[in-house]
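So the sequence lines, in the order shown, correspond to chains D and V.
If you're matching positions, the first sequence starts at 3 in the numbering used here and goes up one per residue.
If you're matching positions, the second sequence starts at 161 in the numbering used here and goes up one per residue.
The hints are simulated quantities; they were obtained by calculation from the structure and are not laboratory data.
There's no promise every hint is true.
Said to hold, decoys possible - With a cut-off of at most 27 angstroms between alpha-carbon atoms, the simulated BS3-like pairs for lysine-lysine come out as follows:
{"id": "1", "chain 1": "D", "residue 1": "Lys11", "chain 2": "V", "residue 2": "Lys186"}
{"id": "2", "chain 1": "V", "residue 1": "Lys216", "chain 2": "D", "residue 2": "Lys59"}
{"id": "3", "chain 1": "V", "residue 1": "Lys261", "chain 2": "D", "residue 2": "Lys11"}
{"id": "4", "chain 1": "D", "residue 1": "Lys59", "chain 2": "D", "residue 2": "Lys73"}
{"id": "5", "chain 1": "V", "residue 1": "Lys186", "chain 2": "V", "residue 2": "Lys229"}
{"id": "6", "chain 1": "D", "residue 1": "Lys72", "chain 2": "D", "residue 2": "Lys59"}
{"id": "7", "chain 1": "D", "residue 1": "Lys16", "chain 2": "V", "residue 2": "Lys186"}
{"id": "8", "chain 1": "D", "residue 1": "Lys73", "chain 2": "D", "residue 2": "Lys16"}
{"id": "9", "chain 1": "V", "residue 1": "Lys186", "chain 2": "V", "residue 2": "Lys261"}
{"id": "10", "chain 1": "D", "residue 1": "Lys59", "chain 2": "D", "residue 2": "Lys16"}
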Amino acid sequence: NAGVTQTPKFRVLKTGQSMTLLCAQDMNHEYMYWYRQDPGMGLRLIHYSVGEGTTAKGEVPDGYNVSRLKKQNFLLGLESAAPSQTSVYFCASSYSGETEAFFGQGTRLTVV
Amino acid sequence: SQQGEEDPQALSIQEGENATMNCSYKTSINNLQWYRQNSGRGLVHLILIRSNEREKHSGRLRVTLDTSKKSSSLLITASRAADTASYFCATDEGTPLVFGKGTRLSVIA
Chain D
3 NAGVTQTPKF RVLKTGQSMT LLCAQDMNHE YMYWYRQDPG MGLRLIHYSV
53 GEGTTAKGEV PDGYNVSRLK KQNFLLGLES AAPSQTSVYF CASSYSGETE
103 AFFGQGTRLT VV
Chain V
161 SQQGEEDPQA LSIQEGENAT MNCSYKTSIN NLQWYRQNSG RGLVHLILIR
211 SNEREKHSGR LRVTLDTSKK SSSLLITASR AADTASYFCA TDEGTPLVFG
261 KGTRLSVIA
């Protein structure tokens, strides 16, 4: 039982490049979330999904897109990376909006 | 904007002392959760308290919820060096699982 797995763990991008972060969960959870964490800012919700085929915007969605084609996977895309998107990205999943969430180990992204 | 707000931002105590952290929120909630984050790692769930509960315990953790004041507190008793971490509250105000900026707890041996 792997829980929540994020791929990759580290990535360096050049400004303007695109990339996709993958989050996979094996707990049959309905809800999945993408956060970014910057020093002194805590975790900020980028996008979330309440089930397969659904997505919704969080607090800081600009510059990111997401897809939830399969229940177990939640993809976060950066179409044209900017230095302001340098951050640590965390994925999480939960059975519902009122149950505990399980987090991945994080992806450290640097945009130069 | 982030909806749960923790207080204080940082807390430093001696091993064996108790640590208290507070969380305030703005609107009505169904539940409030507390999480811990060790440096550089993902968050780990500690405890969930529902809006119809006033107090909950889990080991050395005690959480209270006052819906009239829109606030919650997390008490860690008999702290240990291993409790050094950041602690976050999360609510379901509007959007599910929105976190505050956290409290950085340092427990000095």
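Going down the list of hints, with the structure as the test:
| no. | hint | verdict |
| --- | --- | --- |
| 1 | Lys11/D x Lys186/V | violated, 35 angstroms |
| 2 | Lys216/V x Lys59/D | violated, 32 angstroms |
| 3 | Lys261/V x Lys11/D | holds, 23 angstroms |
| 4 | Lys59/D x Lys73/D | holds, 18 angstroms |
| 5 | Lys186/V x Lys229/V | holds, 9 angstroms |
| 6 | Lys72/D x Lys59/D | holds, 18 angstroms |
| 7 | Lys16/D x Lys186/V | violated, 39 angstroms |
| 8 | Lys73/D x Lys16/D | violated, 31 angstroms |
| 9 | Lys186/V x Lys261/V | holds, 15 angstroms |
| 10 | Lys59/D x Lys16/D | holds, 25 angstroms |
Figure legend: structure checked against the earlier numbered hints; hints not met, in rising order: 1, 2, 7 and 8.
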